[in-house]
Amino acid sequence: SQTIHQWPATLVQPVGSPLSLECTVEGTSNPNLYWYRQAAGRGLQLLFYSVGIGQISSEVPQNLSASRPQDRQFILSSKKLLLSDSGFYLCALGGKEQFFGPGTRLTVL
Amino acid sequence: TQLLEQSPQFLSIQEGENLTVYCNSSSVFSSLQWYRQEPGEGPVLLVTVVTGGEVKKLKRLTFQFGDARKDSSLHITAAQPGDTGLYLCAEAYNNNDMRFGAGTRLTVKP
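Top to bottom, those sequences are chains W and U.
Throughout the first sequence, residue numbering follows my numbering, covering 1 to 109 in sequence.
Throughout the second sequence, residue numbering follows my numbering, covering 1 to 110 in sequence.
In case anyone wonders, no lab produced these hints; they're calculated from the structure.
Beta carbons are placed, not taken as given, at the ideal position from N, Cα and C, and that holds for glycine.
There's no promise every hint is true.
The calculated DSS-like cross-link candidates involving lysine-lysine, where the alpha carbons are at most 25 Å apart (straight line), are [claimed, not checked]:
| id | chain 1 | residue 1 | chain 2 | residue 2 |
| --- | --- | --- | --- | --- |
| 1 | U | LYS109 | U | LYS59 |
| 2 | U | LYS59 | W | LYS96 |
| 3 | U | LYS70 | U | LYS57 |
| 4 | U | LYS56 | U | LYS70 |
| 5 | W | LYS96 | U | LYS57 |
| 6 | W | LYS96 | U | LYS70 |
| 7 | U | LYS57 | U | LYS109 |
| 8 | U | LYS56 | W | LYS96 |
Counterexamples of contact, computed for chain U against chain W with all Cβ distances above 10 Å [claimed, not checked]:
| id | residue |
| --- | --- |
| 9 | GLN14 |
| 10 | GLU15 |
| 11 | GLY16 |
| 12 | SER27 |
| 13 | VAL28 |
| 14 | GLY52 |
| 15 | GLY53 |
| 16 | THR62 |
| 17 | ARG69 |
| 18 | LYS70 |
| 19 | THR77 |
Stretch-level coverage of chain U by chain W, calculated; a stretch enters the list once three of its residues show a Cβ under 8 Å from a Cβ in chain W [unchecked claim]:
| id | stretch |
| --- | --- |
| 20 | 30-41 |
| 21 | 96-105 |
With the rest of the complex left out, here is chain W (with noise of 0.2 Å):
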């Protein structure tokens, strides 16, 4: 069966700092994997999406980049974090069925 890890859990950065979020499933080859972002008590916002390796299709033009160095991982980047990159990060893989990972809790200070 399907596994999406994510890593770390929750995190706390100051603004202005670096970031990498990882994501890595198993139990499946070649999936389309996404990246959205949910802010607190909203819907969910697809940031990024991967149909392979080095294959990236950006959603919303913003301070953060992904990529996909293997099939199953999938990272999501950041140089200098904003304020306003404060969310809830789901990782997600699939197609019209989206089968999600446990999520990272970000929180820039």
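Since the structure of chain W is provided, determine the placement of chain U on it from the hints.
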């Protein structure tokens, strides 16, 4: 750009009551998914509806897709505290892009 509008935004009811939440769009859905998200966790898929007029049941949850495929509803019968959560509708478009509504936050009080 097609927007998914969910209503109500918040709903607080007593255990045992019935409720309906809605998801609407200005354009036709190719298919529609409903998810439930509990605090601090990722959303979990409940159902996918594809055909206009389709009705699907999942225990006490009934999902309906509008005939014109521009709206959908989720009805919960005899709500329980375990139904508490954020209910999200979503659509896949352009093959790989996903769009989610803002959700309905349901609280069921014991």
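Here is what the structure says about each hint:
1. LYS109(U) / LYS59(U): holds (20 Å)
2. LYS59(U) / LYS96(W): holds (23 Å)
3. LYS70(U) / LYS57(U): Within the cut-off at roughly 20 Å; holds.
4. LYS56(U) / LYS70(U): Holds - the C-alpha atoms of LYS70(U) and LYS56(U) are around 17 Å apart, at most 25 Å.
5. LYS96(W) / LYS57(U): Cα-Cα ~20 Å, so holds.
6. LYS96(W) / LYS70(U): Between LYS96(W) and LYS70(U) the Cα gap is close to 17 Å, so the pair holds against 25 Å.
7. LYS57(U) / LYS109(U): Within the cut-off at roughly 23 Å; holds.
8. LYS56(U) / LYS96(W): holds (17 Å)
9. GLN14: holds (22 Å)
10. GLU15: holds (23 Å)
11. GLY16: holds (26 Å)
12. SER27: holds (16 Å)
13. VAL28: The claim stands: VAL28(U) keeps its Cβ more than 10 Å from every Cβ of chain W (closest is about 15 Å).
14. GLY52: holds (17 Å)
15. GLY53: holds (19 Å)
16. THR62: holds (19 Å)
17. ARG69: Since the minimum Cβ distance to chain W is about 14 Å, ARG69(U) lies beyond 10 Å and the statement holds.
18. LYS70: holds (18 Å)
19. THR77: Holds, since 25 Å exceeds 10 Å.
20. 30-41: holds (count 5)
21. 96-105: n = 9 at 8 Å, threshold three: holds.
Violated hints: none; the structure is consistent with every hint.
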